[in-house]
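*Asks:* So you can see what is in the structure, the chains are spelled out below.
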Amino acid sequence: MEHTEAHSAIVSPQGTWWRPAGRQEKIWVSIAFVWCLILFAMMPFWHFKGGQNPSGIRAKVNPQDFAARVEKFIADYKVGEDNGVAVVAPPPGSHIYMAGQMWRWYPVLKLKEGAQYTLHLSSLDINHGFNLFPVNLNFQIVPGYDYGLKIVPNKSGDFRVVCNEFCGIGHHMMVGKVVVD
Amino acid sequence: MALVTALAARSRRCDVTGLKVDWHAETLIKVNAVVAVVCFLVGLVAAFGLVLTRWQAVHLLPADLFYRFLTLHGLNMLIFFIIFFEMAVLYFAGPVLLSARVPAPKLGWAAFGLMVVGVLMVNTMVLGGKADVLFTSYPPLMAHPLYYLGIILFAVGALVVTCLFFAALVVAKRERTYEGSIPLVSFGALTAAIIAVITLLHGAAIYIPTFLWSLGVMNMDPQIYRMVWWGLGHSSQQINVAAQVSLWYLLAGLTVGGVVLNEKISRMAFVLYILFISMASAHHLLVDPGMGPAWKIWNTSYAMYLAVLASMVHGFTVPAGIEMGQRLRGYTRGAFEWLKKAPWSDPGFSGTALSVVIFGFFGGITGVTIGTEQINIIAHNTLRVPGHFHTTVVGGTALAFMAVTYYVLPLIFRKRVRFWGLAKIQPYLFGLGIVIFAMSLIFQGIFGVPRRHWDISMSNAPFQVEYHPAVQLFQATMGIGGLLAIAGGLAYILIAVATVFFGRPFRLEDSHDRTGVPQGIWNLPPQVHTGAAVAAVHRRGSPGTIVLIGIFFGCFVLYYFANWKILSFLWKVG
Ligand code: HEM
Ligand SMILES: [Cu+2]
Ligand SMILES: [Cu+2]
Chain A
1 MEHTEAHSAI
11 VSPQGTWWRP
21 AGRQEKIWVS
31 IAFVWCLILF
41 AMMPFWHFKG
51 GQNPSGIRAK
61 VNPQDFAARV
71 EKFIADYKVG
81 EDNGVAVVAP
91 PPGSHIYMAG
101 QMWRWYPVLK
111 LKEGAQYTLH
121 LSSLDINHGF
131 NLFPVNLNFQ
141 IVPGYDYGLK
151 IVPNKSGDFR
161 VVCNEFCGIG
171 HHMMVGKVVV
181 D
Chain B
182 MALVTALAAR
192 SRRCDVTGLK
202 VDWHAETLIK
212 VNAVVAVVCF
222 LVGLVAAFGL
232 VLTRWQAVHL
242 LPADLFYRFL
252 TLHGLNMLIF
262 FIIFFEMAVL
272 YFAGPVLLSA
282 RVPAPKLGWA
292 AFGLMVVGVL
302 MVNTMVLGGK
312 ADVLFTSYPP
322 LMAHPLYYLG
332 IILFAVGALV
342 VTCLFFAALV
352 VAKRERTYEG
362 SIPLVSFGAL
372 TAAIIAVITL
382 LHGAAIYIPT
392 FLWSLGVMNM
402 DPQIYRMVWW
412 GLGHSSQQIN
422 VAAQVSLWYL
432 LAGLTVGGVV
442 LNEKISRMAF
452 VLYILFISMA
462 SAHHLLVDPG
472 MGPAWKIWNT
482 SYAMYLAVLA
492 SMVHGFTVPA
502 GIEMGQRLRG
512 YTRGAFEWLK
522 KAPWSDPGFS
532 GTALSVVIFG
542 FFGGITGVTI
552 GTEQINIIAH
562 NTLRVPGHFH
572 TTVVGGTALA
582 FMAVTYYVLP
592 LIFRKRVRFW
602 GLAKIQPYLF
612 GLGIVIFAMS
622 LIFQGIFGVP
632 RRHWDISMSN
642 APFQVEYHPA
652 VQLFQATMGI
662 GGLLAIAGGL
672 AYILIAVATV
682 FFGRPFRLED
692 SHDRTGVPQG
702 IWNLPPQVHT
712 GAAVAAVHRR
722 GSPGTIVLIG
732 IFFGCFVLYY
742 FANWKILSFL
752 WKVG
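Residue numbers (this note's numbering), protein chains in the order written: chain A, 1 to 181; chain B, 182 to 755.
Isolated chain B (complex conformation) (with noise of 0.2 Å):
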């Protein structure tokens, strides 16, 4: 019934935010929601395997089967299921939050088919032995053609879409649907869509040569593959940073309030992002022999650190416009009240307040000390290097997609989210099991583990290696923060599934009973704010905040120079 009112309308009212709903940008939310949702459950099963293959102790999986779960996991969770998720934030960021309509319908499910077109074939290639290259594929490795003729067909898609929400943009310009400026939501999500073009023309600049490579009509040269496939691989990255970092400032406004302390420093760091992010293939290639220092300092560094200054700046703001939103809610007495009495079990704020910490702090520090040109020498391939993007892309960008999930669930799909008690504990427990497990890989790097190894015990190797005994250690707590990590996705599935299969239907009247729904939807805090209290606020400016990024600030400097310490031990190199 629903449905057939929504059929006629091809609009509604949302009766939250006030915004107006166009159907096939709603629809099209949904299913690639969910199939986002689909890889990320691919993806856990495979981390499954993987974390207990790692763990010596266990050893679970035989080498072939672990390469290829290594294979499946990186493509499904780094490409598809972020990737799909994202797709969605342009439809959300674009058409919704600017009560517009999406401009070529038929399109956009077109994009959506050819998506999954190629997941279904990357998959089918990996799954039957035809693919063990990891997803990185780098050549002479030579997967089976239509392996990379699929990974095409969803970039092409993922392309479609992104120009439907620059369409989106215009149309919604000229039937001036909004009026101002675009919310600072949209401006980030446009810089990530911006971001996701250059990334898909790198992607077009690899992928179709490497195809035609495996039919053999081509040559191709190793070294030059790494420097373009990084400028795909990092530039996909940065897509990410941007996207997750406007759904921060999304739910910093849904949460509680969080404002923008000043949109001129926060859309000037977005643009940042763009100008910058072509030269991150660099920092994949400092211990490469095909490239020299003078590139490789001024790259790694994307022309002096101006896409880190960027992240700083948000990594300032974010938190410094919801120390401000509380304080204008009335949270004002000493440095911390506004973060004592933040609503800690509301699990959109909690995943946000996580997914800033654990990208900020411990993403942030650990990849900006590795991606020195000399330092990485102590790093390349070790376990330091997935055990910085666990923090990156999944403690900070994951985690900020579960986080908005339970604001989606009962905004666009209007259901009341399912075990909600679970939902309430779900961040916290991926963001612990995710940082003790990043950690542990971390240790084991600086010890030497390498990464991308099926047994570090080098059965059958001519020569014996033994890991220091702390290494044992890490690959415990690395077996555990894994599995907790792992039992906080798949309570993330099955809370989202339950939910948009069998969940209660959500309507603002029934206010009563409020389980299942974060509390910011039952009272939106205020999203504008005017008259002497905000002057007052402004003054006082934020001091929490301000201590936070202190500390923030003194672990990165002592880390930074800890590991110069230990590079300089060394022996000379060079």
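With the rest of the complex left out, here is chain A (with noise of 0.2 Å):
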């Protein structure tokens, strides 16, 4: 059909305005279409086939309940302390406990390069920010849930955990440390 009037988006359109697209808006449309269903398809692709998910295994808990737990871990496995926070070496294949609280990350952990945890993270307090750095792996840490995410450290190294949710004033001071070998 052969248009021959144009107006533009201030004119109140006349009759109707219910007509088929021209060839190359039906195009772009189509691509467009086509593209969100490969953005959509990607992520359960990935929850399937990749390797990184936030899935993890979700729970609520208690702040005081986390923090006995953390407690009796660290009384299980401690093996020294780093600039008087607890440092523990579990081992390959267990469940792990680290805390977010205003404002610091405890214990520190020392992992082995390749075996899987259960890295179990949760805040004792108010909203934290889980930043492994320098992986660049980020969580929410909620008070009263549990997050615990099956972790596989690929590399071995000093790493840092750097708090980046805002937590208060000394948020900036809020720094843990997980070492691997």
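Don't read these hints as lab results, they were simulated from the structure. Please note: incorrect hints may appear among the correct ones.
[To be verified] To be clear about the criterion: a stretch of chain A counts as covered by chain B if any three or more of its residues have a C-beta under 8 Å from a C-beta of chain B, and this derived list gives those stretches:
1. 6–17
2. 54–63
3. 118–132
[Claimed, not checked] In silico DMTMM-like cross-links for lysine to aspartate or glutamate, where the CA-CA straight-line distance does not exceed 25 Å:
4. B/Lys211 / B/Glu690
5. B/Lys746 / A/Asp125
6. A/Lys112 / B/Glu647
7. B/Lys746 / A/Asp82
Note that the Cβ used here is the ideal one computed from N, Cα and C, for glycine as well.
Since each chain comes alone in its own frame, lean on the hints to assemble the complex.
*Replies:* Here is the structure:
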């Protein structure tokens, strides 16, 4: 059908404006739609085939209970102290714990390269942000929720845990440590 | 004198567009726009402190002031400036574009008063140090109850204005002030208004309980708060998108006679925005412990990216409509004569063009990528996040608001724009500054630098953190880009304030002196075309836009898969 009328967007369209789109628009809308489907499909695909997912084991937990689990974990596997923070060397395959609290991450974790652990993260007070530096893995740490993530360190080294959710005036002092050998 | 005649007539006929302009609509547009600019100034002053503190080489503010300014900046920019401006847009797109009246002007004034009181309450609490909770105020962080109450009053005011807009549409229809369907710009504003209602309901659902919680009468689950709060926080960004896209269409028409390629396609794209926004809160919670993967994937993609599809449609139809408008005006040579001969020294046009590019190209690509469930693992709470949204809401929405201001000043305030030479370069200054600033944030974020952070040298921390040396470079470009953008923002305020209070009056008859009024107003491009020329242009299509959109799409695919690649190198986690 030939168009013999065109108007701007401040003009009230007269008569029926429900008309078929032009060829170029149809092509672009189709390409865009297919692209959207690809964007969507990538996520379930990575969920099943990819190695990095935020799914985890998720459960509610009372902050006092979580603190108790962390204390027990420290008591079980403590191997020393670093700057006043307990250092813990858990066996590969085990459940390991790190608590965020204004303004520290504890304990320091000593892990084995290539081994798998289930890392439980939670907060004892307010929201914190778990940033594993310099790997750049980021998770939100919400009080009352236990985030259990299976992790496999793929490189040895000295890592930091930087808090990247605002948690008050001492936010910038909140740095923890993970050692992989 | 002008005021007296206007009061007597209660409306006037616009001599440029021929629209009937209701006195209340016009005055409410003015006051809302003026308050918007005041909030913008507050936000800019805060931005100055923030940029110069995040730039570690300067590190201007102490920690407590940094977080206070951050709270102030987020609220005054994202909430107050943007929403006051949108109130003005609603009065324009309803009563003015439809030549109708404001149905209950007293309510309009009451709503305005309520919003101003809300802003004053919130800012008093923040500046008084009683609300150092950042604009997201995640519990258990708690602010003074009056802080939450101020936000509630502001939101109620905004809701009333939105309802007045709906009422204006009904009244206009009943009084037959226009023929045919409402124009696309009004339709876009209508979608923005509908989204605003949904958003404000989320707002009520979260701020009323939080207010009660701050009074100690109920409990608040931090995860549920995050979910419902982002139902407000993100949906409100969808209001901005709908409002800003409506302004793109408006300015395309006013500046170069841009046409609507197809009313059906553009309107359907607006409707997609409405259908899927409530799901938008998810992409803030992708690495949260409270929700499972199925919920995250379905919701972060707005049920398969249909809202993204909508933006990709507008991202094509707006430039293609401009191209066709230009071709109808005779710029038909090659693929790009229309673009070369566009009025680049008209800030209404340059601002629109930059807004389309910064929002669509930089904002769209970065946003969709980091909003992917797994890719979010390498982006959440890093500087990539503010980097992304300074391209969307600042380079996109705020810049579109600036662009339209250069038309509002002569058409509504009926003043010649002061400092016209500065006005011509203002969109470039602001746009360039924001792009440099935002890209610098994104690059720092890729190295893991956190957002909302006073001191990335981590002084007094038990363990040292050394960022990659490249971060220093991007820190400097962040500082320079930020200062350029702030200069562009100050230029905008200077121009707007000087024009409103000291501008020379503008009358269409005085066309021998053209300074201070954009070209589209002196020679309004034809808004309606008929005849064989239209058929010819339609057959030719928009080859230039096809090339541009091809470049955009190529970059999008590349950036998106590059991020998957980066992700795949990391520790296994899941
Ligand atoms: C004009 C130039 C601007 C500059 C230089 C600027 C700069 C900044 C900086 C440095 C931050 C802190 C980033 C961080 O530490 O996480 C920030 C945050 C933010 N900005 Fe801007 N900004 C500007 C304009 C705007 C505008 C116009 C808006 C909204 C319309 C806006 C919205 C925000 C928001 C929502 C935040 C996040 C606050 C938070 O994390 O709590 N900015 N900005
Ligand atoms: Cu923290
Ligand atoms: Cu923190």
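*Asks:* Mind taking a look at whether chain B covers the segment 54–63 of chain A? Criterion is 3 or more residues with CB to CB distance under 8 Å.
*Replies:* holds (count 4)
*Asks:* State whether the coverage of the segment 118–132 of chain A by chain B holds or is violated, taking the criterion as 3 or more residues with Cβ-Cβ distances under 8 Å.
*Replies:* With 8 residues close enough to chain B, the hint holds.
*Asks:* Given the hinted pair B/Lys746 and A/Asp82, is their alpha-carbon gap at most 25 Å?
*Replies:* 35 Å, violated
*Asks:* Would you check the hint for A/Lys112 and B/Glu647, treating anything up to 25 Å between C-alpha atoms as holding?
*Replies:* Holds, at about 23 Å.
*Asks:* Quick check: the segment 6–17 of chain A, covered by chain B? Criterion 3+ residues, Cβ under 8 Å.
*Replies:* Contact hint for the segment 6–17 of chain A vs chain B: holds, 11 residues under 8 Å.
*Asks:* Holds or violated: B/Lys211 and B/Glu690, Cα atoms, limit 25 Å.
*Replies:* Between B/Lys211 and B/Glu690 the Cα gap is close to 24 Å, so the pair holds against 25 Å.
*Asks:* Quick one, are B/Lys746 and A/Asp125 close enough, alpha carbons at most 25 Å?
*Replies:* 36 Å, violated
When the structure is compared with the earlier hints, violations turn up for hints 5 and 7 and for no others.
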